[in-house]
Amino acid sequence: MFQKKKSDVERVKPLIESNFKSTQDVNFQTLNTGKEKAEIIYISTIVDQSQIHDLFYRPFFEYANLEKFESYVQSLPYYKSFVDEQETIKEMLHGTVVLLIQDEVHLVGLRHQENTAVLDASVETTIIGPQKALSEDINTNINLIRHRYHEKSLKIENAPNIGSKSNIEVAVVYDAEKVDAKVVEEVQKKLDKANRPIVQSAGELHRALTNKKKRLFPTMLVTERPDRIAYNLSQGKIIIMIEGLPFVLIAPTVFFDFMSSMEDFYQPYWVSKFLLSLRYLGLGISLFLPSAYVGVTSYNPEVLRIQLAFSIAGSRVPVPYPSYLEVLFMLLMMEMLTEASIRLPKTIGSTATTVGGLILGQAATEAGLVSNIMIIIVAAVAISNFIIPINEMSFAMRVMKYILLALTTFTGLIGLVIGTIALIYYLVSLDSVGHPYLKLFYGESKQQS
Amino acid sequence: MSRYFYYLVVLYMLANVVALVPRILIQDRLNGTVMALVIAIVLTMFYFYIFTNSMLKFPGKGQPEIVLTYTPKWFAFTYLFFVAILYFCSAWFILVSFIDITNIFINPEMPSFLIGAVFLALVSFGALMKTEKTLYALEIVLLISLPLIIAIFFKAYFNQLLSWDAIKVVFIHSFEKPSISTIGAASYSMIGFYFISIYNRVLKPKVNKLKLIPFLLLGILATVNIFTSFLIPIGFNGVDGSENYIYPWFSTADSIRMEFGFIERVLFIFLLLYIGISISTATITCHVGVETLKSILPKKKWKGIAMVPSMILLVFSVFTISSPYLFSQVHIFDFSKFYFSLLLLVGAISCSVLLYAVRRSKSK
Amino acid sequence: MKTLFQTCMLICTLVVLSSCGFKDIDKRSFVVSMGIDQSQENEKNYEVILKIAFPSSEANEQGKNFQLATETGRTIAEAVSRIKAKTSNELDFGHMKIIVLGEKILERDIGQTMDWFTRRRDIQQIAFIGVGKPTAREVLAHEPKGERLPSNELFLFFGETGTESPYVTTNYLFHFRRNLEERGIDGYLPIIEVKDDIFSIMTMCLVKKGEKPLPLKDDETELFNLLNRGYDKVSIKIQGVKQHFILSIDQLSSSYQILSTDSQKPVIKYKVNIKGNIEESMVEIKEEKMDQYNQLVEQVVKKRTEALFKKLQDSHYDPLGFGLRYRANHSGDENVKVKEWQNIYDQIRFDVNVKANITGTGVIE
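Chains as they are written, first to last, in the numbering used here: chain A, 3 to 451; chain B, 3 to 366; chain C, 234 to 598.
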């Protein structure tokens, strides 16, 4: 055994040297009291430098005895035992200090993350309810979760690092008592299989984790809210955390999760039910209104009341294009406004949308490009689309409405209904980590099983 | 019993409106249709009871597995093939009629093959889903459309212009000898329970026997439903006037007006809702048909995907899409009469086969 | 490359298929009402008048934007197809809510005229139908002031959103057709007239296949509507020897029984229940005389009802469906029953029984 350890240092040291020699922020230092010698290697930029002095330099000279120092290092809280040289290199890249004492390699994690600040919730905001989201540091995030979920069965497992280049740390968090063991296994299997050179965001990881390459609807939920995480843990779901990202992935999810906001739990019962129904109404409007307009005006105007039919017909008189082009034109303009306002700096953003929205709408009707009613429809669609609380779902629905629009343009109201049923069928046929994605009365059936 | 089972039964109660059933009933309205309805209900509820209870004796198993295990091979093959064809016929009726209805009422200018192609693409996609997923989809479609359809039924019943005298005239002729096809047509509205032959695989009910109260409630529901689908068109179009309508219910829906509704003409709400109901019915029926037929066909695979179900559906789709060009309305109507009469016989055969299987399984 | 090809194929197929049925709302000419008259040149021909509304971007002037298209033809379909050739936009009957039949048309075979309306899929079964006096053309050509849409005034007359008057008889297309087809009940239609530049819908006429229509007077129309549809919130005039007051009806229900045994003369027992209060009085109303007032109401209504029934019976018209009720209560072959009824109806006696209940004398005593 001694023999083997001896070779550790010999194998590790040249490897580290060859790998990091030319890098400026890597420290190779020899601690020398004259009698005793030890080597310390670390990447100074990602290691907590203030602690290095207290933890290693001072004790080394105080003990002045390698045996004692070694056992001291081994009893440090961040101590990790040596596995092999490749692992060591990886650990170094994640902020580990490597100590070569005599013939042994010791690793002490002293990671220092610059941005551990807890951010304000900006994507999923609530009026009453926690205002802070996650931070960009995985440990801080686990800390936040632990503080919200005090349960001894809470398990945090390190998954293999993701991305051959980015090599990002991933942790899987779940409540061992609530979770379905099969799902954990499935998630871990998928994490093992996931291979992409660079993974930087939850969405990317989500992509890497799903079998289907082309996907429209999110089957895992991305969230930034610790309260949502805690709630989902209690529901037996699995949280996948990623280093350097203030978002986590939640799996398995059902369609309804994407329509719920944490606010629902904080409001009185009827208020939250009202808000929920408002959301589904918004979903309906943003999905169906443009295609219903085309279907009704161009195929079956007899559906409408005669008074409404005439006001639509009247407002369409100056428009030279068929209704679907009118709808498409206005919808695309609206999408551009939305995209522009995301990319623009916050200060300009609101000006751009106001100017764009108001002037474009006004001018387009006056120029006879679109009808007045169309402007109302587009505005209603745009606003109601933002009612969907989870961003990924609202993006998916944004795309979906064009598919419905195309179907309706070619086959009329039949297309709209067929498209809706197709959407239901498609959502039902999806799986989220082995669980059905869309199913009514989900909670009820879970209690039974 | 799982709630999904009730959905399956209710689905066919709604779907019969599309599948020429009211037309057959109304044609015979002065020749003892009321009697036919009563006979059909009693007979079908009898089949219902035996078939469902026998299936429940084999938890988690479908009819093909049961029949293949307990009966001789030649019989199992013929029987399953025959039953699968009947399922496809049922889906075919609904689709062909609804393609026609769409063509008449929604968009007369669209070629029927396009409508058919759109419908069948969706039905095929749905029928190829996993068995339990078809149920989830069915639940959603039903939950959206059922309240509205029931509201329309109520609206019809409470309409001032509904002629109750005309309905009474029909009841005067209750005790006359009904024809077989009328009984068959009435029984069609209740055949949803046959689907347990495949769905038994996933339903996993905790009971192994149908409880009496839900069963009786289903019976009452079936009675109310079949009488509604028969009498409302007569009440609206008159005893003498309702004869000539090809799709009596859709003409009736056009006679109902929603003075203060968002859409004034009930016809369109009814049509759009029934697209959903027809598609769901066709999907479920095709799924059951495919699953049944699959069990007796060789399992061919191509690139790891089972090809047989897709091939079956492809053949069915091509046949259905081309049917409006191959058969006339009259042919389809006559064939449906024959089919509905056949249903009565098939019910008896199916029940006996299952009873035989139950006995064999016990003796083993 | 493969995806690109697939997308191209998809777009191509869709473009090929796209031309079916797509027609924008502003490229359609909506027929809001339709009139049918007898052609002036040839008595056998129909003259079809379509009131076609044009959409205009000015919401206030919609009412005047219409065109009356007229054509004659041997059949209605022929005339309509001629009109089609004369309009630039596609004719759309989906919003046709008013059908006006000219008075002379009613004297022809009504079944033949109605055939076109029931066969067309795009004609609303809930369209209102009425008789134009003297011609349908005159009714359609009338342009009331301040109309938001062409023919909107008539929609309001017949629809429940607008006025509710017992003089206005509302009849839907499907209901009229049903009554025509049904043996044992006859159809009825409101008569629309234009008097002094406003619509006047006060009377109605009874229609039966193969017979001349029977017009009813305005008070008969009122009573018929009261009995037939149970209108409430209606005032009727009660005139006695001394008293003379207006009764505002809150509730009116009627029911009847047909009693026909072989031994006696057949009789229709007709019960009417009236609940209401006094709206206007010419003489002083006294609380203690309530019973007298009740009796007076009973007498007046009974007399009027019996007179109306007598008139119907004498002219062999049966718009309330006594015959259908007879069919509903007697077993036997339908054809035989219908024949039987025709004999019975000629000699039947009406026994009208009115029960009045005046609940109040209005806001004042």
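Some clues are possibly wrong.
What the hints assert, rightly or not - Beyond 12 Å from chain B on every Cβ pair, some chain C residues (computed):
id: 1; residue: Thr-305
id: 2; residue: Gln-358
id: 3; residue: Lys-366
id: 4; residue: Phe-407
id: 5; residue: Arg-416
id: 6; residue: Asp-547
id: 7; residue: Leu-557
id: 8; residue: Arg-558
Stated by the list, open to error - Derived DSBU-like pairs (lysine-lysine); straight-line CA-CA distance at most 30 Å:
id: 9; chain 1: A; residue 1: Lys-154; chain 2: A; residue 2: Lys-214
id: 10; chain 1: B; residue 1: Lys-305; chain 2: A; residue 2: Lys-195
id: 11; chain 1: B; residue 1: Lys-302; chain 2: A; residue 2: Lys-216
id: 12; chain 1: B; residue 1: Lys-213; chain 2: A; residue 2: Lys-214
id: 13; chain 1: A; residue 1: Lys-192; chain 2: B; residue 2: Lys-132
id: 14; chain 1: A; residue 1: Lys-441; chain 2: B; residue 2: Lys-213
id: 15; chain 1: B; residue 1: Lys-211; chain 2: A; residue 2: Lys-216
id: 16; chain 1: A; residue 1: Lys-214; chain 2: B; residue 2: Lys-179
id: 17; chain 1: B; residue 1: Lys-211; chain 2: A; residue 2: Lys-214
id: 18; chain 1: B; residue 1: Lys-157; chain 2: B; residue 2: Lys-303
id: 19; chain 1: B; residue 1: Lys-179; chain 2: C; residue 2: Lys-572
id: 20; chain 1: B; residue 1: Lys-179; chain 2: A; residue 2: Lys-441
Calculated directly from the structure, the hints in this document are not laboratory data.
Bear in mind the structure is a predicted one, so any value in this text is a computation, not a measurement.
We treat Cβ as the ideally placed atom computed from N, Cα and C, and that holds for glycine.
Tested hints:
no., hint, result
1, Thr-305, "holds (27 Å)"
2, Gln-358, "violated (4 Å)"
3, Lys-366, "holds (25 Å)"
4, Phe-407, "violated (4 Å)"
5, Arg-416, "violated (6 Å)"
6, Asp-547, "holds (23 Å)"
7, Leu-557, "violated (4 Å)"
8, Arg-558, "violated (5 Å)"
9, Lys-154(A) <-> Lys-214(A), "violated (36 Å)"
10, Lys-305(B) <-> Lys-195(A), "holds (22 Å)"
11, Lys-302(B) <-> Lys-216(A), "holds (27 Å)"
12, Lys-213(B) <-> Lys-214(A), "violated (44 Å)"
13, Lys-192(A) <-> Lys-132(B), "holds (22 Å)"
14, Lys-441(A) <-> Lys-213(B), "holds (26 Å)"
15, Lys-211(B) <-> Lys-216(A), "violated (45 Å)"
16, Lys-214(A) <-> Lys-179(B), "violated (60 Å)"
17, Lys-211(B) <-> Lys-214(A), "violated (42 Å)"
18, Lys-157(B) <-> Lys-303(B), "violated (52 Å)"
19, Lys-179(B) <-> Lys-572(C), "holds (24 Å)"
20, Lys-179(B) <-> Lys-441(A), "violated (47 Å)"
Violated hints for the displayed structure, listed by number in ascending order: 2, 4, 5, 7, 8, 9, 12, 15, 16, 17, 18, 20.
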